[in-house]
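Between the sequences and the hints, there should be enough to build the whole structure, so can you do that?
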Amino acid sequence: MAQQRLALWNAEEDLEEDVDMTIALDGYSQNVQYEDSHIHQPQIDESTLLAMQQHMAQQAAFQQIPDVVKSFIVHFHQAVLDNNLAEITVAYESGWNKYTEKFYSKTEWPEAELIAPLVNDDPIFLILYRELYYRHVYSRLQPNIDDRFHSYENSCELFNYLLNSDGPVELELPEQWLWDIIDEFIYQYQVFCTWRSKVTSKTPDELMMLADGGPVWSSYSVLNVLYSLMQKSRVNEYIAAQREGKSAEEIAEIVGEYGQRPLYRMLGYFSIIGLLRVHVHLGDFTLGLKVMENVELNQKTPFTRVTACHVATYYYVGFCYIMLRRYPDAIRTFVTVLNFIMRMRQYHTRSYQYDQINKTADRMYALFAMCHALSPSRLDDNIANIAKERYGEQYAKMARGGPDALAAFEELFIYACPKFIIANPPPYDDPAAINALISTSADAESPTQSLPQTDSSHRHLDLFLADVAAQLPVPTLRSFLKLYTSLGAKKLANFLDADEEELVQEMMVLKQASRSISRVTGSEGSSLLDGQMITTSDLNFVIDENMVHIAESTIGRRYAGWFIKNTERTQKILDDLKNMPLPVASKTTGPASGSNPQPADGAGQNRPARSGQKVAWGGVKAA
Amino acid sequence: MTSEWLAPSTRSELIENLVSGVDRYNPSNVGILEDYLYHQIRSEEYDCLANLAILKLYQFNPDLYNPDVVINILIKALTASPLPDFNLCISLLDERSLNSQLDEPDPLPTILPTLKGLHNLLFRCRFPAFWEIYQSTELELLRDNYTVEVTGFEDAVRAVAIRAVRATFTRISSERLGSYLNLSGSDLTAYIQKLGWSVDSSTSVVTIPPNPDNQIEATVVQESVKLPQLTKIIAHSVAKA
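Line order of the protein sequences matches chains H and C. Quick note: the first sequence, position 251, residue 251 per the UniProt record's numbering, numbers continuous. Quick note: the second sequence, position 95, residue 95 per the UniProt record's numbering, numbers continuous.
Misleading hints may appear alongside valid ones.
Said to hold, decoys possible - Short derived list, chain H residues pointing at chain C, Cβ under 8 Å:
#	residue
1	ASP45
2	THR48
3	GLY283
4	THR286
5	ASN424
6	ALA470
7	MET507
8	MET508
9	LEU529
10	ILE543
11	GLU545
12	HIS549
13	THR554
14	ARG558
15	ALA560
16	GLN571
As the list claims (entries may be wrong) - If the Cβ cut is set under 7 Å, some of the chain H residues that face chain C in the computed set are:
#	residue
17	ALA57
18	VAL542
19	GLU552
20	SER553
21	GLY556
To be verified - Computed footprint of chain C on chain H; a stretch qualifies when at least three of its residues, placed anywhere within it, have a C-beta under 8 Å from a C-beta of chain C:
#	region
22	209-223
23	322-329
24	459-468
25	512-520
26	530-538
To be clear, the hints were calculated from the coordinates, so they are not data collected in a lab. It should be emphasised that the depicted structure is a prediction, and the values quoted were computed from it without experimental measurement. Heads up, the beta-carbon is just placed ideally off N, CA and C, and yes, glycines get one too.
Set out below in structure tokens:
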């Protein structure tokens, strides 16, 4: 299928014959005639002239659209009209990117108004087209304030159409696109908030538009969309019903007419993940995990089919756990998805999202390294080794503790943390206040680089670093305790050149750092926030007045993994051997031996030394 | 362990609906949640998620901002240490713009660093230092205007210390325990009695009853092989047979 369609987009000649094209051109020439009648009027007033000039410019612009692109749009439209998911997928995933590379890598795609005649002014397709158009602007070019406002309006139109039509709409879109719609919506919200919070770089026009901006990209409107999609599709009820093993009919009844349609169900699910992401951007880590209450974090649900969504989910969940000081949970989350990415890698190298997934994976290795330094565990040596390889220098500093560690933690946190945003705009609607803000910011800019207004990641960084700083002496203490079974507090204090009382208090911190709330395994169906206190360290100790008693639990050597791996490998080798043609002399060519096993006997005769083995092969084959 | 934190048994149905539903975003509900906060302050209850919901409403609706409420929330979260509640609250405090339209000067910017300092001392188990700073003259404003209103604040701080001591010690001298609790003499004896801990009358050493955290044992953890690890191998053999 894919090949067929690729050929279609490649066929640059055949579009003149295209039926839809002629319809579109008809529509276009009608417009020209309409304008002509104006020209014949004796008096041409200024506005008509202007309209005419505009029209001429449009006409010229239309003619500049390469024919293949016109053809592509026409076919794309037809695929959407037919609800032909396979066709839409190819147009979306390959066609669009192909022509972006070819014609629009540095400029916008043609405006929706310009291509409207090609698609019979189909309003729904034009909304979808604009969705792609603005996404392209955001990812490849620099969006200006009009783009930012219009992309918001277009998103609203799309969601309005989906949510406020009479009943569920008939439209079908590929899951990947649905995820991208939600993902892009939140991304644009996030960059808008970041852009908006920088008051000094605004032109007077921009200031005016921001003052009148109203609900454009407001947090409430974004949350409203996500919650509406979630509720309309009853996706939470759907997940719960699935978990309870309800029958298809029961589920259909529970989720209602919207939730039965894949489009709404997937949008509902993606909205949950979207909410998680928005809450993390806003610094609300508990609420982020709370909205995920019903979602199963495993690899078996159909929702994991969109890899980008799957990876994003784990990234944000893991980050929430870090900010909740639940490092073991964060580690488990990252390990799960990093293993998944590693396994998926071979299938995804050519996907257009591969880069993005790789970047997120890199950040998760950094976050993993941080958690691993704070709460050493042996959960997965493989991932741990990769993390140490990538962030070896930082990891060594973090794991050692002490003064160098903070800088390493800071570096990795800033690299790997999500973008944080400020929910509310600066007071653009109050000219006096905004001017005051601009002038003070301008003053402040010279002595200190970072403004509190623009830098909310530092607020979260500071909180995290304060937690880390409290734990800095822990690795040193542990390394001393490891050497003893009992040790006087005074002696230990002397080693460390510390006051005895201070040291005893530090020991309480060590105890605290060896405990963590963690979601117990096998707690499927419970909230991600659930958990119980667990011990995270092998080294345990207790203080009896002034004597520290130490006990270490050791982990017996693990054999199972080694044996399982090698058994599997042996099975595979055996299978491969069985499937191989019988051994032949190296001089005989492959096809000959494959077509007829007889020559093998001849070869065997030439080399008597191998004849014993040959019998063995025969035996296996007979069995 | 977390169930009491997620949904305290003292939380009413009304509050539960606000905390878990979409109504949490409705600015007109802020009064209900604020009343609930003051109820927590008076009756030694604590509901972190409900208080976070207030801060969320403030985050989205700067007009609602009430510094006294924020300070009270932070004071309540302070004594949840070593749980991350205090940080979770701070995370939601967006930087305010300069022209916060308040009738009086905003007390938060001056009190926030103090509270952060106190939290840091508690999180780092520096209990004697905490008491010293908490009782210093510099913090008179905080004590007289805020913590005095929070019923049982000092006991809540003591509870933080008790949690740390219980996990770390099997026996502790009265003197040391007293410095952590800021108690001495008969007050300390009464407090220890209330905990049900015993004091050796001759040495005045306090014995802490055994609990999962102050019992140590050297163990060797043996590996246990779970069936799912072997499914691939077994399935393979079955398929071949």
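Going down the list of hints, with the structure as the test:
Taking 8 Å as the C-beta contact cut-off toward chain C, the hint placing H:ASP45 at the interface is violated, the least distance being around 48 Å. Among the interface hints, the one on H:THR48 is violated; its C-beta lies about 48 Å from the nearest C-beta in chain C, farther than the 8 Å criterion. For H:GLY283, the shortest C-beta to C-beta distance to chain C is roughly 4 Å, which falls under 8 Å, so the interface hint holds. The restraint placing H:THR286 at the interface with chain C holds, with a minimum CB-CB distance near 6 Å, inside the 8 Å limit.
Look at H:ASN424: its Cβ gets to within about 6 Å of chain C, closer than 8 Å, so that hint holds up. Checking H:ALA470 against chain C: minimum C-beta separation of about 5 Å stays under 8 Å; hint holds. Annotation: interface hint on H:MET507 holds; nearest CB of chain C at approximately 6 Å, less than 8 Å. At about 4 Å, the closest approach between the beta carbon of H:MET508 and any beta carbon in chain C falls short of 8 Å, and the interface hint on this residue holds.
With 8 Å as the threshold, the beta carbon of H:LEU529 comes within range of chain C, its nearest partner Cβ sitting at about 6 Å, so the hint holds. With its C-beta approaching chain C no nearer than about 5 Å, H:ILE543 sits inside the 8 Å limit, and its interface hint holds. Residue-level restraint check for H:GLU545 holds (minimum Cβ-Cβ distance to chain C is 5 Å; threshold 8 Å). Using the Cβ-Cβ criterion of 8 Å, the hint placing H:HIS549 at the interface with chain C is satisfied: the shortest such distance is roughly 6 Å.
For H:THR554, the shortest C-beta to C-beta distance to chain C is roughly 5 Å, which falls under 8 Å, so the interface hint holds. The interface hint given for H:ARG558 holds, since its Cβ lies 5 Å from the closest Cβ of chain C, which is under the 8 Å cut-off. Interface hint status for H:ALA560: upheld, as the beta-carbon distance to the closest one in chain C is roughly 4 Å, under 8 Å. Hint on H:GLN571 holds. Least Cβ distance to chain C is approximately 5 Å, under the 8 Å limit.
The interface hint given for H:ALA57 is violated, since its Cβ lies 43 Å from the closest Cβ of chain C, which is over the 7 Å cut-off. For H:VAL542, the interface hint holds, since its Cβ comes within 7 Å of a Cβ in chain C; the closest pair sits about 5 Å apart. A least Cβ separation of about 6 Å between H:GLU552 and chain C falls short of the 7 Å threshold, and the interface hint therefore holds. Checking H:SER553 against chain C by beta carbon gives a least distance of about 4 Å; that is within 7 Å, so the hint holds.
Taking 7 Å as the C-beta contact cut-off toward chain C, the hint placing H:GLY556 at the interface holds, the least distance being around 5 Å. Counting residues of the region 209-223 of chain H whose beta carbon lies closer than 8 Å to any beta carbon of chain C gives 3, which meets the minimum of three for the stated coverage. With 3 residues having a Cβ less than 8 Å from any Cβ of chain C, the region 322-329 of chain H passes the three-residue criterion, so the hint holds. Judged by the Cβ-Cβ criterion of 8 Å, the region 459-468 of chain H is covered by chain C as claimed, because 5 of its residues qualify and three suffice.
Here the region 512-520 of chain H counts 3 residues with a CB under 8 Å from a CB of chain C, which clears the bar of 3, and the coverage holds. As drawn, the region 530-538 of chain H meets chain C at 4 residues by the rule of a beta-carbon pair under 8 Å; at three or more, the given contact holds.
Violated hints, listed in ascending order, are 1, 2, 17; each of the other numbered hints is respected by the structure.
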